[in-house]
Each structure stands twice: as structure tokens, then as C-alpha cells.
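Per the numbering used here, the sequence shown runs over residues 39 to 209.
The hints are simulated quantities; they were obtained by calculation from the structure and are not laboratory data. Where hints are given, some of them may not hold.
[As the list claims (entries may be wrong)] Computed list of lysine to any residue pairs in SDA-like fashion (alpha-carbon distance at most 20 angstroms, straight line):
#1 Lys205 with Lys130
#2 Lys191 with Glu74
#3 Lys163 with Ser127
#4 Lys70 with Lys179
#5 Lys130 with Lys163
#6 Lys179 with Arg126
#7 Lys54 with Lys134
#8 Lys204 with Gly153
#9 Lys132 with Lys191
#10 Lys130 with Lys179
#11 Lys111 with Tyr125
#12 Lys204 with Glu157
#13 Lys163 with Ser133
#14 Lys134 with Gly189
#15 Lys179 with Lys205
#16 Lys42 with Glu74
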Amino acid sequence: MISKDEALKLVKGTSKYSHALMVSCMMKELAKALNENEVEWMLVGLLHDLDYDMVKNDMKMHGVVAAKMLKGKLPEECLYAIKAHDYRSGIKPKSKLDKALIAADSLASLIEKMGMEAEKLNVEKLRVELENVSAVSPWYKCNVLKCEEIGLKIDEFLQLCLNSIKKEKCR
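Sequences are here, hints too, so could you generate the full structure?
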């Protein structure tokens, strides 16, 4: 399996580097809370947008190309989660890992959109922003609510993710 250092080298020069760091921190924290494999979940979070710069003009390939690039470096269930994290690929999320990645990815995008320091964020601010943004882009809320399909209530999910980006260097 690919090491964290190798994964960091792969994403370092991409436009999604800081986003990937944030999602990886969230995924590690979610894995811990759900008694899942923290290393695998962290790596999936780190590598899920590896192909973004290559496929941004053909988003139905987003995740699919990354999974091909990572074949043999991650377990199959990790590759599947990467392929399924963007609905435009047409690949349906099935596992906890798949759904956690979708939720964390969308939450990280929302936090980036807010442009606030992690220390200034709280669950209430995230909930309000999620409602505001979802009025225009309903997929944000739909994706974040995948957390309920993995056994986490929305506030618990938001708090776990916030804690993760506050305690580690994720931005």
C-alpha cells in the first residue's frame, strides 16, 4: 500500500492540495469514530482528487482516472470510494467509506467556500452556511447528509470534522 509520504508527493503540486489535506484529516477522524481503518480512510481522503486537474473538462471521469493511477497502491474498496465520490462518474456509493468520503469532501468544499479560519468555525456556523449554500446548490446538503447513512447524526459529523481540522495541519 502507498505510504502517506508517497501520497503527499502525488498531490503536492495539484490545485486540490489544501482541500485534499483537509479531507484526509476529516476521514481519519471519521474512521477513528467508526472503528474503521484510519490509514486507509486518511489515504482515500488525501488521494480522492488526484486526477482533478487532468479531468476538469470531463468530470464524468473524475475519480475513475485517479483510481486507475492508484491501482495496486490501495485496496480495491479504497479505489471504489475514489471512483464513487463524485456523482458525475455514475458510480453509486455503497460502503461506509464511499459515503463518508462524499460527506467529508462536500463539507471541506463548504468550509473552503466560507473562507474562515478553522478556529473561528463551530457547528452552528456550519449548519447555517450549509442551509444557505444548499438553497442555491442543493447537492451540498444532500452529500453532507450521507453522514446519517454511516451512523452519524449531522451535528456529530460536523463536530468530528471540525475537531479534525483544528487539531492537525489540514489547510
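Verification of the hints:
A C-alpha spacing of about 32 angstroms is found between Lys205 and Lys130, which places the hinted pair above 20 angstroms, so the restraint is violated. In summary, the hint linking Lys191 to Glu74 is supported, as the alpha carbons are separated by about 17 angstroms, within the 20 angstroms threshold. Our distance criterion of 20 angstroms between C-alpha atoms is broken by Lys163 and Ser127, whose separation comes to about 31 angstroms. The straight-line distance between the Cα atoms of Lys70 and Lys179 is roughly 23 angstroms, outside the 20 angstroms bound, and the hint therefore fails.
The suggested pairing of Lys130 with Lys163 is violated, with an alpha-carbon distance near 30 angstroms, which exceeds 20 angstroms. Between Lys179 and Arg126 the CA atoms are separated by roughly 17 angstroms; this keeps the pair inside 20 angstroms, and the hint holds. At roughly 23 angstroms between alpha-carbon atoms, Lys54 and Lys134 are farther apart than 20 angstroms, so this suggested pair is violated. Under the criterion of a C-alpha separation no larger than 20 angstroms, the hint pairing Lys204 with Gly153 is consistent with the structure, at around 15 angstroms.
At roughly 19 angstroms between alpha-carbon atoms, Lys132 and Lys191 fall within 20 angstroms of each other, so this suggested pair holds. Restraint check for Lys130 and Lys179: the C-alpha separation of about 18 angstroms stays at or below 20 angstroms, so the hint holds. For the suggested pair Lys111 and Tyr125, the alpha carbons sit about 24 angstroms apart, so the restraint of at most 20 angstroms is broken. Distance hint between Lys204 and Glu157 is fulfilled; the C-alpha atoms sit about 6 angstroms from each other, no more than 20 angstroms.
Restraint check for Lys163 and Ser133: the C-alpha separation of about 29 angstroms exceeds 20 angstroms, so the hint is violated. Between Lys134 and Gly189, the direct Cα distance comes to roughly 9 angstroms. Compliance with the 20 angstroms bound is thereby established for this hinted pair. With a C-alpha separation of about 25 angstroms, the suggested pairing of Lys179 with Lys205 is violated against the 20 angstroms cut-off. For the hint pairing Lys42 with Glu74, the CA-to-CA distance comes to about 17 angstroms; that is within 20 angstroms, so the pair holds.
Of the hints listed earlier, those the structure fails to meet are numbers 1, 3, 4, 5, 7, 11, 13, 15, in rising order.
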